[in-house]
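Participant: The listed protein sequences derive, respectively, from chains A and B. Add 1245 to a position in the first sequence, counting from 1, and you land on the number used in our numbering. Add 646 to a position in the second sequence, counting from 1, and you land on the number used in our numbering.
Think of the hints as simulated: they come from the structure by calculation, not from any bench. Since this is a predicted model, take the numbers as computed values, not measurements. Hints may contain errors.
Claimed, not checked - Derived CB-CB ranges, DEER-like:
hint, chain 1, residue 1, chain 2, residue 2, range
1, A, Tyr1303, B, Ile792, 53 to 59 Å
2, B, Gly727, A, Ile1365, 45 to 51 Å
3, A, Lys1484, B, Val739, 38 to 44 Å
What the hints assert, rightly or not - Covered, in the sense of this in silico footprint (three residues per stretch, anywhere, with C-beta under 8 Å from a C-beta of chain B), are these stretches of chain A:
hint, segment
4, 1372-1381
5, 1408-1418
Think of the CB as a built atom: it goes at the ideal place given N, C-alpha and C, for glycine as much as any other residue.
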Amino acid sequence: MRTPSTRSLQTTVLALLIIGLIVLALGGYLAPLSRLALNPFVEAQTWLSTRFLAIQNYLNAPQDLARLRSRNLELEAEVSRLQAEIIVLKQQISETRVLSALVDFARVHPENRYVAAAVIGRDPNPFLKYIIINRGSDDGLRRSMPVVTQQGLVGRISAVTAGAARVQLITDNSSSVNIRIEPSKAQAVLQGSITGDLTLDLIPQAATIEIGDLVLTSGLGGNYPSDILVGQITSVRRKETDLFQGAAVQPVVDFAKLEIVLIVTNFQPVDIEPLIPSDISP
Amino acid sequence: MKVLIAIPILGSLLVFQSAVLNYFPLLYGTADLILITIIAWALQKNVQTAWQWGIIGALFVGFVSEIPYFVPIIGYSIAVGIALAIRQRIWQVPILAMLVTVFIGSLLVNMVTMISLILQDIPIPLMQSINIIVIPSIFLNLLFSIPLYIIFSDLAKWLYPEELEM
């Protein structure tokens, strides 16, 4: 039978042992021992946790997958919407650039008044080179008004309605423009064709023209203002036996990509038909 | 009153041709959707408004194009006449009738256009025009003729259903 003194001695020894262990542990002297003792537990915990997480992921995968798929669809829709927005913004940037160039052109030629118009269609007949623009008589447009871009001459208005107009391009087969060649100052006539190619006719034999010479409107005939750039000479046809020289012209305007044009509204074409002498019959 | 449906249909086709299709030429030839539509309509069995469609289409084209009014009126009227004549003779093979009529109609319309331009003293190089404009235009018209024939065949059956004989 244990006496109370024996019991208290045991308690004291146990307490001192525990305090001693704590002090040793706090001092770090038990670290190797604790490492040795805890390692198996840590290994077991890791093993169990890994398996558990795998099972948990496997069980939760359908929900995650569905959530991911849903999120993916949302993001794809957002990407499509943004891509469409980018296309619209790029188009606006392109139009702004064109308009800005046209405004610069208008600033350089302050003597003219301009109305800007968008090209909305082309003549359905393949033999004719006409475009349709979205401005008409309501915007002050009239027949025979010249049409230009910041690059150069486009043509002139051939027909007008209230809200639209038809423009004959200088590349049209029936178009003829009186021009001046720089630097020789030679006068000639620019003709269109069914292929849209531009040729110069009636160039005097005495005129010295070379490839690269600039072609501008001369203002003769009163159909177009003078000094509007038309194109550049790309080839010269000269035969001593011919009355006149000929040349091919590369237009400065890209007629296949016309988007916005300027109509010169304060230019009045002159009708010179009454001045042309009629044939005198014998 | 059913003939009035020609106005929105032909108008829409002309807008599409002018705003979109003419930016995709073959050499320098373009498709003429109005001509193909008129021919497709004229070849339908129960349709009695082929001439009206032809005139409406010609007026639309004459309004939009710089070409004088009489050119599409004459050209499309000839095409409708040919279509109606062929309809009675090749009725068992409507697709063949469509192709033949579109070929002949396209050729005639382009010839009428060329003649009118020559009469206006506009120089037209004949062989060059045929090679780079007329033949490619005919090819493009033939390309669009079958799909348009199918569409307007369905439209004709809807507007003019066949009466069942009891």
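Participant: Among all the numbered hints in the text so far, which are the ones the structure does not match?
Facilitator: Hints 2 and 3 are the ones this structure does not satisfy, whereas the remaining hints hold.
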